[in-house]
Every structure is written in C-alpha cells, then in structure tokens.
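Trainee: For the protein sequence lines, the chains are A and B, in the order given.
The first sequence runs 1 to 174 under my numbering.
The second sequence runs 175 to 400 under my numbering.
Be a bit skeptical, because a hint or two may be false.
Computed footprint of chain A on chain B; a stretch qualifies when at least three of its residues, placed anywhere within it, have a C-beta under 8 Å from a C-beta of chain A [to be verified]: (1) 212 to 218; (2) 300 to 307.
Beta-carbon label-pair distances, calculated as ranges [stated by the list, open to error]: (3) A/K135 with B/N261: 16 to 24 Å; (4) A/S89 with B/V202: 30 to 38 Å; (5) A/M139 with B/A360: 32 to 40 Å; (6) B/A253 with A/M139: 30 to 38 Å.
Just so you know, the hints here were simulated from the structure itself, not pulled from any lab data.
Even for Gly, the Cβ is constructed at its ideal location relative to N, Cα and C.
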Amino acid sequence: MRNFFLSSLTTPPRENKSLAAQLGYCFVVILIILIVISMTITSAYTSVLEQDRSDALQATAVTAALAISHTALQEGMKFPMPASTYIISGHIYAYKINIYTKAGNSFLRVYTSTPADTVSSNQYTLDGAGDEYRKAFEMQEVVITARSDKTGSYVAGVAPVIGVEGTVSGLVEV
Amino acid sequence: MSFQADQQKGSESSSAVLKIIVLTLFAVVTAIVAVSFAANHMRIGFEKEYRMQVNLKTEQLAAASSLLINGDEIAADPAKAQTKYANILPAIMIDSMEKNQSRKLYALYSYSGGALTLLLKSSDTGLLASEIPISGWLTLGITNPYIIDKNGQHTVLTPIRDSQNKVVGLFELSSTYAFLDVYGNAVERRVLMSVLVAVTAGISLFSLQYLIPGIFRLARRRGVRY
C-alpha cells in the first residue's frame, strides 16, 4: 500500500492514464464550478424576486385595507375589490384575503376569500398570531410576516383597517 | 549519438510543454464558455420571471388604485382631490427603495374637454401619458387599461370614471426595471471572475501531479549524494 502510494506520487501519469486523468479532472472541475455558479445566480436573483413579492404583498394589503376603510367589519360582509393575483413560473394564483376584527387577545375572522372555507361554516380565530399582527393593529403599520395553521404555512402582508370612528377596527391579511 | 539523444529529449520536452499550454487554454476556454452559457441562460430565465411578476403587479396595482380613486371627487373639485390623493397614493405605492428593485412612477390627471391636466406626480421624468395621444382611446369606452412596454418600463394607463361612467381622469402607473441589465451584467462579471480564479486554482492543483514527482526525485538524488 505504501509502495503504491509512493509510486503514484513519484511517477507522473503518462499516456492513456494521463489523458483519462486530465479529462476526468477537467469535467469534475467544470461540474463543480457550474454547480457553485448555479447556486450563486439562483441566490442572487431569488432575493430580488422575494423582495418584489414582499412589496406586492404589502401593496395588496394596503389597497385592500383602504377599500374597506370606514366600513363596518362584520360576518357576511362583502369585499369590494376583485381578487388580486400573483404569478410564479408562469402560473397565476389568487391571493387569499382574510379580514379580522379584534376579539379579546386574538383576532376573529369575519371574511375570507377562500370559497370552501366560509366564515359562517367555520369560525376562525388567530390564536397563534404573532407579535407582528398586534404590532400592525396597535402601531398601525403594514408588516410582512409568516404564519402557519392546519392548512399550511403562509407568508402574509398585514395592514390595519381604519374603522368608522377613525380608529383601527381590524386587520387585512393577504 | 549523445547529441542526437539530447536533441530528441529536448524535442519531447517542448512537445510536452506545448501539450500543457494547449490543454490549459482548452480548459480555460471550455470553462468560460460553459459558465457563460449557463449564467446567461439562468439570467434570461430569471429576468423573464421578474418582468412577468412586475408587469402583473403593476397592472393589479393600477386596477386597484383606479377603484380607490373617486371620479366624482376629481370632477367636482380637482384641487381637493389633488390634496386627498397626494396623501393616499404614496401609501399604496410601497417602494422598498432597495437598490436592486423596480421603481414605481405614478401620476394622476383630470380629464375634461379632451385634455389631461396633471393633478399630482411622483417624478419629473418617465411619465408617458402627456406625451402620447390617448384622448381617442379614453373616449372609446374601452375598460381595459392602456399598456405601454418599452425601454425597461411597463406603463399602465387606467381611466378614472365618475358615477355616470364618464371618463373624468387618468391614473398612470409605471414600473421601471432598468436595474435588471446593470444587475445581470454585474452578476455575470462576478461569476466569470470567479471562474477564472477557479480555473487558475484548478490548473495549479492539477500541475501538482507533475511537480510532486519531480520534487520527490530531486529529494532522492540529494539523499543519495549526501
């Protein structure tokens, strides 16, 4: 074993062995470079796409909040705007819009754009709402946050809704 | 005889050096071509995705904004509408102000007597509504927005109607993505520099298989001599 190791170190590769080593080496190096480059470019452009999607979420949340401002937030209410959409890899998806009012320490959903999950059939409270939701409500800020429930995980834009009295009466979650 | 052997050995050595140079050049060119092709292919795909995303976002935002703008207010008192929407529109047009992001440009016009009057604008440059003849389109009763896509800018012109369905204003919203070219060029340049460094490092490591035996032989000869 020692002799083999020493002979491979003391004798440079020649003829077919040399050619195979050179070709193999070139291909492996190019493959590694391509993988690294692919990861670098993907990461660079993904951050740009994510930032733009975040902006779109916030803008959609603000327009939705403005559209229902100075109206009463209650079960059975209608959302006055057409469904907004977004695009990923050529496929268009509709934003899911939820409207909540403050209920004690949590938020009670009074409207959802999901057809199969109407408010009357399924009363829903944001028990697991993070501090971002409270911040949006109390500080009147538009925030981007992540939330999970039994149906899945979401990235959401949350905007406060100004009520009839001129104070915050609820939240719009896009 | 000895002279001939020396000459043959020198010729073999030159041939080996030439082979190494050709192989090195081949490796560098292959790596650069492969990476340029891959980087450019990925860049085109991402830019297409980004443009689609920004264009759809601009159209959706323009449609939502035009629903929020009250045509009756513009028709009744343009000055009052100007003050009101100067506060509302900046809140809707959220701009991350990130260096590598699209920029939003918007303007609100009142429309009467076949002419547009500027009520408010977010920028002095890049607004197109006043430069193109859209009066005919505005009065046709078409509900679809007027879209202009050129020079790295996607512009959506949306008519504002009053309660009588009469066009009383125009909302212009543009997203510019001129930064994409600069960003893409910078990414490709950085990638190619990385490739050059990687290939140089690869060739240096590859040459070790020829250098190490030479060093071993030299060390052995010295061991014998001393």
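Trainee: Are the hints correct? Go through all of them and say.
Mentor: Evaluation of the provided hints:
Coverage of the segment 212 to 218 of chain B by chain A holds [criterion: at least 3 residues with CB-CB distance below 8 Å; count 4]. Chain A is given as covering the segment 300 to 307 of chain B, and this is violated because 0 residues of the stretch bring a CB closer than 8 Å to a CB of that chain, at least three being needed. Here the CB-CB span from A/K135 to B/N261 is close to 23 Å, well matched to the stated 16 to 24 Å. One distance hint, 30 to 38 Å for the beta-carbon pair A/S89 and B/V202, holds here, with the actual separation near 35 Å.
The hinted window of 32 to 40 Å between A/M139 and B/A360 holds, with their beta carbons roughly 37 Å apart. Range check, B/A253 to A/M139: about 33 Å between beta-carbon atoms, so the 30 to 38 Å window is met.
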